[in-house]
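Turn these sequences into a full structure, and let the hints steer you where they fit.
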Amino acid sequence: MKVEVKFGGLGGQGIITMGFILANAAALYDGKEAVFTQDYSAEARGGASTSEVIISDERIDYPHVQKADYLVLMSMSAYRDYVHKLKGDGVLIVDSDLVKLPDEKRKVYGIPATKLAEELGNPIVANIIMLGFFAGVTKIIKPDSLMAAIKDRVPKRFWELNEKAFAEGLQYAEKNL
Amino acid sequence: MSEKHLKEGYYFWSGDVAAAEGAIAAGCRFYAGYPITPSSEIAEQMALRLPQVGGKFIEMEDEIASIAAIIGASWTGKRVMTATSGPGISLMNENIGLAVMTEVPVVVVNAMRGAPSTGLPTLVGQGDLMQAMYGSHGSYQIISLYPNSIQETFDLMFEAFNYAEKYRVPVMYLLDGLLAHMYERVYVPPKEEWEKKILWRKRAKEGFLPYQPEDDLVPPMPLIGEGYKIHATGLTHDESGYPNLTPQAQEKLVRRLNEKILKHEEEIWKVEEFMTEDADLIIVSFGGEARAVKSAVVEARKEGYKVGMLRLITIWPFPHKFIEKYSADFMVAELNYGQIYHKVREYAGNKVYKLNKMGGEIHTPDEILRKIREVMA
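For the protein sequence lines, the chains are A and B, in the order given. Under numbering that gives the first Met the number 0, the first residue of the first sequence carries the number 0, and numbering increases by one thereafter. Under numbering that gives the first Met the number 0, the first residue of the second sequence carries the number 0, and numbering increases by one thereafter.
Hints listed in this document are in silico derivations from the structure and should not be mistaken for laboratory results. Treat the hints loosely; a few may be bogus.
Simulated pairs of lysine-lysine, DSSO-like, Cα-Cα distance not exceeding 27 Å [what the hints assert, rightly or not]:
| no. | chain 1 | residue 1 | chain 2 | residue 2 |
| --- | --- | --- | --- | --- |
| 1 | B | Lys6 | A | Lys86 |
| 2 | A | Lys86 | A | Lys141 |
| 3 | B | Lys6 | A | Lys150 |
Since we're looking at a predicted model, the values are computed, not measured.
The structure is reproduced here in structure tokens:
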């Protein structure tokens, strides 16, 4: 098993955090080999932001995504920048309010993650909703592993909010698939 | 306060964090530095962790002061380190010469980024390989190591500190912009296990001369604060440590500074030989770039090409025996305009090809594969 995932969006959306949490979950809680790399522009917010995760049963040599199985996007500019990295039979997972793809021929799974996060009271957890949705759609990672990795990353006072956000994304996938 | 050491187990670390944790596990207790991308997280981790293990972290005003501070601290017997990147390593080079001349054990991490000058701060480069050896003025030897995974970044720190202490020499620990910011799983063994790996420097005995070498050409080191009166100078000196500005003293000292490393080079050499035994073409590589090379070698073998990889873990002293022992052609894949290529040519019996990228990203396996097909057609 080898899966390549690329995340893309804008600085401030938690794109790098998403990749880090997924790779951390795979490496420490699912017992897989995982590599996480990141790339960001100089701006703290609003610049392009991307991260990459490779998960495998075997040792990973080349650490970058060559052809992504999954492209997880939270901005239109990220779609334009990274769609060429997606495999022919690859899958797009997007924030459906921010990334509109009427002409895309490949499978697109959408969730209004940013809007749902605002409804939960804090748009900062949009990326965690995306991760829950990702887990539900792809089934490549155990939800418990992801939640454990979220708790590694997030201060304790935000655990409850993040648990709610993660569950929201997961349930959205179950309801809409 | 009780010391907070790493517990046995698995961690998910970047190269920077692994370098810092590896250094602390290997006994480093003093760090002075000035943050610069992509090495800054080493300083961050050291600032957090050193006080937890009874060590000291100092943020200095610049890189020149940073390396001066660790040279001073090393004289007290502490294992010491600094880390930098890009322009920072250029600033440190004058005092690397001072550490060579006064024979002070120090570990200097250089997370190589795109260069020259400020270049590409967040992106990978391999342009400082020759500088690692030849960056300071004069004719001397240092030791340079270069891992290619986050696990190896942790593990190899023990060798870095042991070599520095054993040979009283600066060890240039190379990382690159890819490894510095990339995360992988690291296994940390129990403390009793890694503590056994630590070698301490030879200590001066009663009635010593501070620069009187033993049979291994390395003088035992007296420690400041233990009652010794010693003189350490960057000027040419004799065994007493005081300046002796004669051709005879220069000949004796500079020869020994070189020979104390070269005499032990076989102990210092570390390489990974991957599918080299029957190879017609061996790709020489190191650091983050070697990960692309290994992927390409695996693919090329599937296509029937007899290709192997020689990964240099020790860059300096140059592990020439591993070039000389093969009669294959070589290709040197590196993120510069051609540096280690010239060293390989010096020792190779057959053709040597270049595969260069100027930095910013490592080669893709496809790019390497195309070059393999081209030269082996």
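Comparing the hints with the structure gives:
no.: 1; hint: B:Lys6 to A:Lys86; in the structure: violated (41 Å)
no.: 2; hint: A:Lys86 to A:Lys141; in the structure: holds (23 Å)
no.: 3; hint: B:Lys6 to A:Lys150; in the structure: holds (19 Å)
The structure fails to meet hint 1 from the earlier list, while all remaining hints are met.
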